[in-house]
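**Student:** Taking the hints into account, I'd like the entire structure generated from these sequences.
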Amino acid sequence: MKPFHLWVAVFFISGVVGCKTASDPFPGFTGGFSDNDPIARASGHGDLFSQDENRILSLENGQHFDVGVGLQRAQYFDGQNEIDNRFPIGAMAFEKNGAPAQASSTVMNGSDLTWFAPKPDEIYWCNLYRSSDSALSNDSLSFSYQDFDGDSYVARVGIAPTFGKIVCPDTISASLGCHFTYDTSVPGDSIYISIQGVDSGSINSSWAQIDTGGFVIRPNQLRFFSSGYNLYFINFYRIHWTALISPGGKRIGIYSREETEAGIPVKP
Numbered sequence: 001m002k003p004f005h006l007w008v009a010v011f012f013i014s015g016v017v018g019c020k021t022a023s024d025p026f027p028g029f030t031g032g033f034s035d036n037d038p039i040a041r042a043s044g045h046g047d048l049f050s051q052d053e054n055r056i057l058s059l060e061n062g063q064h065f066d067v068g069v070g071l072q073r074a075q076y077f078d079g080q081n082e083i084d085n086r087f088p089i090g091a092m093a094f095e096k097n098g099a100p101a102q103a104s105s106t107v108m109n110g111s112d113l114t115w116f117a118p119k120p121d122e123i124y125w126c127n128l129y130r131s132s133d134s135a136l137s138n139d140s141l142s143f144s145y146q147d148f149d150g151d152s153y154v155a156r157v158g159i160a161p162t163f164g165k166i167v168c169p170d171t172i173s174a175s176l177g178c179h180f181t182y183d184t185s186v187p188g189d190s191i192y193i194s195i196q197g198v199d200s201g202s203i204n205s206s207w208a209q210i211d212t213g214g215f216v217i218r219p220n221q222l223r224f225f226s227s228g229y230n231l232y233f234i235n236f237y238r239i240h241w242t243a244l245i246s247p248g249g250k251r252i253g254i255y256s257r258e259e260t261e262a263g264i265p266v267k268p
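Going by this note's numbering, the first residue of the sequence shown is number 1, and it counts up by one from there.
Just so you know, these hints were derived from the structure itself, not from any lab.
Treat the hints with care, as some may be off.
[Claimed, not checked] Quick list of in silico lysine to any residue cross-link-like pairs, SDA-like style, CA-CA up to 25 Å:
id: 1; residue 1: K165; residue 2: L176
id: 2; residue 1: K119; residue 2: V107
id: 3; residue 1: K267; residue 2: G188
id: 4; residue 1: K165; residue 2: G188
[Claimed, not checked] Between beta-carbon pairs, the in silico distance windows are:
id: 5; residue 1: F225; residue 2: T181; range: 48 to 54 Å
id: 6; residue 1: H64; residue 2: S134; range: 51 to 57 Å
id: 7; residue 1: T242; residue 2: S175; range: 40 to 46 Å
id: 8; residue 1: P247; residue 2: S134; range: 28 to 34 Å
id: 9; residue 1: R218; residue 2: G263; range: 17 to 23 Å
id: 10; residue 1: W115; residue 2: Q196; range: 33 to 39 Å
id: 11; residue 1: S206; residue 2: H64; range: 26 to 32 Å
id: 12; residue 1: P219; residue 2: R156; range: 44 to 50 Å
id: 13; residue 1: K119; residue 2: V167; range: 26 to 32 Å
id: 14; residue 1: A208; residue 2: G228; range: 53 to 59 Å
id: 15; residue 1: D170; residue 2: W115; range: 41 to 47 Å
Note that the structure is predicted; figures quoted are calculated from it, not measured.
Ideal placement from N, C-alpha and C gives every residue a C-beta, glycine not left out.
**Tutor:** Set out below in structure tokens:
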């Protein structure tokens, strides 16, 4: 196997997330879940809701956060050059008495965040602070806020690290399958893999597994068509959660996600 050119097609918001939605999948939250939960606004609630377990992860075990800090990065690697993290997006959101709130200052990795107010035609970024500064590409995160409901806080936390060098085939044999490997694993953590084919009738799948430094695509897990594009997008990512409490008693949830995606052709 040889290193393969990986590229990314990433959207920070997973699923349909916005200030207001015509149909909100999280009942019981006036104004919509993404309005009322700062983690959802900072990170996108596509990853925060488990349909299998029918629960909202950011509110798990009765935890409700006053501050949400979100960081998503998309890794790029071409098999020859240094690892890079492109399209980093950091966001911070606040809630007071069940409604979005503001602070006088918000900073992530030394980068001041910009306030995005709600707009009638904007459904993705609203009622939060955001930045896409290159400083957010680092494998560490420091953040601070000033004067949120009388509270100020500074912290440095661990985040989902890059995968390191990724090795995969340049073409996958449908009958043989293949093996992906990467340098950086997190013992005891999980990675999430999804496969989506371009052709109608492609076998799409997704699963989670313990992070061991690689994963296997089984024989015949992908379908080959005698006439077709025979191209599959293979996406894998890891997430990391941290919960803190400020000296002023504010509950802070920090969510980070590291993601990469490869488009790989399939042969028989």
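**Student:** Hint by hint, say whether it matches the structure.
**Tutor:** Evaluated hints:
no.: 1; hint: K165 - L176; verdict: holds (23 Å)
no.: 2; hint: K119 - V107; verdict: holds (23 Å)
no.: 3; hint: K267 - G188; verdict: violated (34 Å)
no.: 4; hint: K165 - G188; verdict: holds (20 Å)
no.: 5; hint: F225 - T181: 48 to 54 Å; verdict: violated (28 Å)
no.: 6; hint: H64 - S134: 51 to 57 Å; verdict: violated (33 Å)
no.: 7; hint: T242 - S175: 40 to 46 Å; verdict: holds (43 Å)
no.: 8; hint: P247 - S134: 28 to 34 Å; verdict: holds (31 Å)
no.: 9; hint: R218 - G263: 17 to 23 Å; verdict: holds (20 Å)
no.: 10; hint: W115 - Q196: 33 to 39 Å; verdict: holds (35 Å)
no.: 11; hint: S206 - H64: 26 to 32 Å; verdict: holds (29 Å)
no.: 12; hint: P219 - R156: 44 to 50 Å; verdict: holds (45 Å)
no.: 13; hint: K119 - V167: 26 to 32 Å; verdict: violated (44 Å)
no.: 14; hint: A208 - G228: 53 to 59 Å; verdict: violated (29 Å)
no.: 15; hint: D170 - W115: 41 to 47 Å; verdict: holds (44 Å)
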